[in-house]
Amino acid sequence: MNWLRKSLNKIKHAYALYYFVIVLIIFLPSAITIPSLSFRSAIITAIGVDKQDEEVMVSVLTLSEISKSEMRENVKLLQGSGVTLANAFSSIESSIGRKILMGHVGYVVISEDFATQNVAEVINTLIIAGKVSNTVPLLMCEGKAKDVLDNAQKMEASSSYNMREMINNEFNETYTKDISIDSFLKGYYSDIHISTLGYVTLESQPTNAIDSSSGQAQGGQSQQSSSQSDSEQKTAISYKTEHAVFLNGKFKYLFTKEQMRGINWIVESDLQKILTINGISEQGLNDASITFTISKHSVTPKVDFLNGKPYVTYEISLTMTPVEIIEANGGARAIKEITLTDELKQKICDVVKREVALSLSVMREQKTDVIGVYKLLYNKYRPFMDFLDTLQNREDFLNYVNIGVDVNSFITTN
Amino acid sequence: MKIIQQIKEQLNNNPDVSERQFLINGKKVYLLFIKSTIDKTLLVHSVISPLLEYGGEPNLSTLSNSVLRASEVEKVTKDQFVKSLLRNKVLLFVDGESDALAIDMELLPVRQPSEPPTSPTIQGPREGFTESVKTTMALLRKQLPSKHLVIKSFFVGEMSHTQVVLFYMDNLADKKIVKTLEKKIKSINTDIVLDPHYLVEFIVGRPNSLFEQYGSTEKPDIVTAKLMEGRVAIAVDGSPIVITLPFMVFEDVQNSNDYYTNSHYATFIRYVRAFGILMATVIPGVYLSLRLYHYRIVPLKYILTISATTQNLPFTPFLEILFILILFQMLYEVSLRLPRYLGIATSIVGALVLGDTGVQAGLISPPGIIVIALSLIAVYTVPNQAPQLNIIRLVFVFLGGTLGLFGVVGGMIYFVNYLNSMDEFGVPILAPYAPRVENDLKDALHKKPMPKMKKRPKSVKSNDNIRGLE
Amino acid sequence: MTQQISVRQTACFCAISLLALKLITLPSLLVIMSTSSAIVVALIMFALDLFLLYIFLKVKEKYPNLSLYELIKKVFGSVLAKIIYIILFSFYILKLVMLNNEAIAYMRDVVDEDFRLIVYLMTFLPVVIAMVNSGLKSTARTIEFGFVFIFIGLIFCLFLSEVTFTYGEMGPIFKENILNILNSCKDVGFWFSDFLFITIISDKIKYKKNMKKIIFSYVFITLIILIALYIIYFRLFNVTAFLHRSAIADITQYNRNIGNSGNIDIIAILVYMFIIFFQGAIYFTGAKIIFEKIVGYDNKIHAIIFITLLILALQLFVFYNLDLIIDFVVNYLKYFGVVAWVIIPLYLICLLIFDREKGDELVKKKSKQN
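Chains as they are written, first to last, in the working numbering: chain A, 21 to 434; chain B, -13 to 456; chain C, 2 to 371.
Just chain A, with the same shape it has in the complex:
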């Protein structure tokens, strides 16, 4: 017992050191032999989800081994399929013999085929099990998500352009609404279950039109320079500010670029940069078109209830600078001569109202509140609930809300 007492005394005075030794004994053998995480796992930078027969097909872009001299990203496209998303990922892991890590996913693409089923369950799996960040952009594509990823991979392999960076940098310039996973889920779990995703297509282009060093234009196209022969068609990923509208997690319809213009006026976005007014025959002009650039665009929604009916008015304030005047005969006029007359103001107001009306008609027809009228009215909770109680079908509420637009425009010459 004496030796035990002596040993315990020794340990008591240096217990931290002994504990440290125990930790080393337990963990050091594995720590010494374990390779770096990037070598024992596959780090995914993009996910594409397609439907193949009755199965889910997942395509992923993973970081691959790259040569030391090149410090840029190199990605490889991998595919796997399974009954569920989890099975599909599992099959990819089996094929490469590495665990998949999704913490650095830059974007997720879903094909239109797949979007006919409830996408929210897929997204939930990615967030909860895969730990994908909720600010990751979520896109829907026209054809196969696999083709989009393939295109992105080729572009990254041949140039320094990176689709992940382009989407993250450009989405404010490309998409009106927030296209992140988080905004999709917020819409899905809201009372009206409406969400929007960004929409991309793959367009075939003749080889002459493609300049491999041109890169990305705003809201335009990303190009690939491929190793294919010049006579072949090249495909490019195109995002044209279109949004896919989802109801209850399923794809319902597509908001085209023209239909989006009305929404761009109401949702205070930076996308509405140009406004062209045609048929101006005043101030010495003869059936001229004036093009303005919009330097400031602010929207103040006003909500009111009159006799139990909701009235929503969007007060749009535009500060514009005229940049081009083209007359019917093709001649140009000096800009400084243009002033904002009542007639011009009215024409601007008419153009905006027309575009807004077009968007509203689509929304009302499809019974989808894309612009967030419900959220606005919800803040006047009691009267709004009373109003909803009067409706036979709550989904139809947009048809019974009076939505108006007031436009105040200002011209600057700076």
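One or more of the hints may lead you astray.
Unchecked claim - Computed cross-link-like contacts, DSS-like style, restricted to lysine-lysine with a CA-CA straight-line distance of at most 30 Å: (1) A/Lys119 x B/Lys287; (2) B/Lys444 x C/Lys214; (3) C/Lys176 x A/Lys400; (4) C/Lys214 x A/Lys387; (5) C/Lys176 x B/Lys438; (6) C/Lys176 x B/Lys162.
What the hints assert, rightly or not - Derived contacts from chain B toward chain C, CB cut-off under 8 Å, selection only: (7) Tyr279; (8) Arg282; (9) Gly390; (10) Ile399; (11) Asn406; (12) Tyr419.
It is worth saying that the hints were derived from the structure and are not from the lab. All figures in this text were calculated on a predicted structure; none of them were measured in a lab. We put the CB at the ideal spot given by N, CA and C, even for glycine.
Given chain A's structure and the hints, the job is docking chains B and C onto it.
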């Protein structure tokens, strides 16, 4: 004289023990001394010449009071003969008298005060202590010509009888601390003391601790400043290092240069040093944990860069870091011990081998080298803590490699808590930050101008808190 | 080293206690229970906590050298005091287990998907035990030392997320009726009432005249940051809160602009890791002090061993999952919350109002009897 023979035998008949005999007025007078440790010119001038000129009856009292021209003469008894001789005194015997006179004629080889290599100053005093404790006393007296300066001398070490000197200001230092230190020094039971570091392990409460519980310096201006804060200084004959107690860790983040330059710059550079401590200890462990376990925290571009430079290495990250660490430590040790001209060559070879060839051969990676090199450089922002920081760095490498970032954070908290449990002489070692002492923050990491530092640090218990008027 | 801690250190304890269990699961739970009235529930509970803190500090002023045990024993004897303390002991043990589970969930969400329980326990327990073993004073100094970093880190976390504060997006905050709100308050009571620690260590706090001012200033500033974080969370994740179970992690990661270079939430990670250790030490210390009072003798080692074994048993065999303990706490523990929320405060208020005898006199009486 019989006694002289006995003394010589006690000293093993060493060849440097010399004897000189005189016949003065029919009486024999003997001189016994260790010739290698005395000033022979002074001996001739102050002792031998006066003796030879003396015509009267030689006895110890007359010789001591009226004949000898030495500055220090002391009468010693038989039991003190050997001790006095070994303390480099000249013994004078008169036939028929049992006692002797011990005359101070010491002349030992000593260095001139010069700038200490561990504390160079850009602008400011450059004097440093030397191995002679007399020089230490002289330099401190020069800085502090105050009646309150107390100097107490002890002899420690059964064989070495090393002189240990305690300095403090009696109007400032806590008497309890002084008494405790005196008691501990007197109770030291050892054979030899060559340096204050031999002593401190007897004095401090936790001699086994990794962390220092005392300050050390070679500069008189630093010791003076610390004495004026109520601290006690201990010097040992044979070493230029003076230790000061009580100690707070943030003293090592301060430097004498801080007081000879603009206070804003001093504040900035102290924060750099504090950051240096963090970098020196924690960065390699964090780097390792990020590479092994925590890819989510690392931005994608960094993962790419590190992957690109670390692919196809034969070592796992853990082994690579350990390998580089050991190589750099060896290089450092080699450069310390080699003569200057060889050290330069070795440094070049080491740098080339490690920096270039190793990377090109694919044995080690550039990020690993950068991390370890930064860490090693950062250690010397606080040179007094370098040994501790080197060991703590190794601990954090192991913690980061085994337990990840959580282990590194746990280690940091453990070490901070350990420091907080050290209360040497009632002064918390992490003061004035833990516990927070508002007054002392004026000269901790932040440095205020001198006119704003009206009070002495409250963390060090002092009898007079106000600087300035007595 | 005498084991008395300063007022500033007490204030740091209060501030850390305010943060600890409220940064991970609680915001999500509040939204699930009370939807857009979550902020109302949170504000009510914070206000109650502040009121209790005020009572505890008033009690400390009146009885500077008595802890809660002595105060209960004064009127009801040691048996009831021990019963109350047994209930409080179970609180602290469960809070520790909850802290562990939240921490592990957070680590798996943010730091490492394969974060293992054994790594957590082998790091957390020894550090916390070392802190407790070195004494209340050094634990207090450690927390005081680290508090500045936590405070600055939290402010940084506030600005990491991308938020535009447009009024109207939070929805009507009084959507739920008052009964639902009060029910929710009762359900989440376990996550609050952390200032009770002050009464347990009351005899170890150095009395200072302006202690209320110092402690309240620390608590208010921390509370403002916490409420700001809650508002940001409710603003960002209103209907999807149930998917965002690690509030501080999700808030700091919600930033698209940094998406290209990666998350810079390492500051939030480090802040929360510090908070885990500090709060773990506070709970463990509380449990240890309570245990010593219950068994009637001061033996640090026995207390530490017993508490460690109990935590390990609960962590490994009973509450090995965050959902299990949340379920247990919300469904069963709210009834025991009556002790912390009602009985003890009421008793202390009665002592303040009706007891004319001062605490110091009681101590003198005791020493005379001895």
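Inset, instruction - Could you check if B/Tyr279 really has its C-beta closer than 8 Å to a C-beta on chain C? - result: Interface hint status for B/Tyr279: holds (5 Å vs cutoff 8 Å).
Legend entry - Pairwise hint evaluation, B/Lys438 against C/Lys176, where the allowed Cα distance is 30 Å at most: Not OK: C/Lys176 and B/Lys438 at ~57 Å, beyond 30 Å, violated.
Inset, instruction - Double-check B/Asn406 for me: the hint is only fine if its C-beta lies closer than 8 Å to a C-beta in chain C. - result: With a minimum Cβ separation of about 4 Å from chain C (threshold 8 Å), the hint on B/Asn406 holds.
Legend entry - Distance restraint between C/Lys214 and A/Lys387, which requires alpha-carbon spacing of 30 Å or less: Violated. C/Lys214 to A/Lys387 sits at ~58 Å, over the 30 Å cutoff.
Legend entry - Interface hint compliance - B/Ile399 to chain C, C-beta minimum distance less than 8 Å: 5 Å, holds
Legend entry - Interface hint status, B/Tyr419 versus chain C (Cβ within 8 Å): 6 Å, holds
Legend entry - Pairwise hint evaluation, B/Lys162 against C/Lys176, where the allowed Cα distance is 30 Å at most: 68 Å, violated
Legend entry - Restraint check for C/Lys176 with A/Lys400, where alpha carbons must lie at most 30 Å apart: 11 Å, holds
Inset, instruction - Would you check the hint for A/Lys119 and B/Lys287, treating anything up to 30 Å between C-alpha atoms as holding? - result: Distance of about 20 Å is within 30 Å: holds.
Legend entry - Interface hint outcome for B/Arg282 [beta carbon to chain C under 8 Å]: Because about 7 Å separates B/Arg282 from the closest Cβ in chain C, which is inside the 8 Å limit, the hint holds.
Legend entry - Cut-off 8 Å, beta-carbon criterion: hint that B/Gly390 touches chain C: 6 Å, holds
Legend entry - Pair hint outcome, B/Lys444 versus C/Lys214 [Cα-Cα no greater than 30 Å]: 23 Å, holds
Hint violations for this structure: numbers 4, 5 and 6, all remaining hints satisfied.
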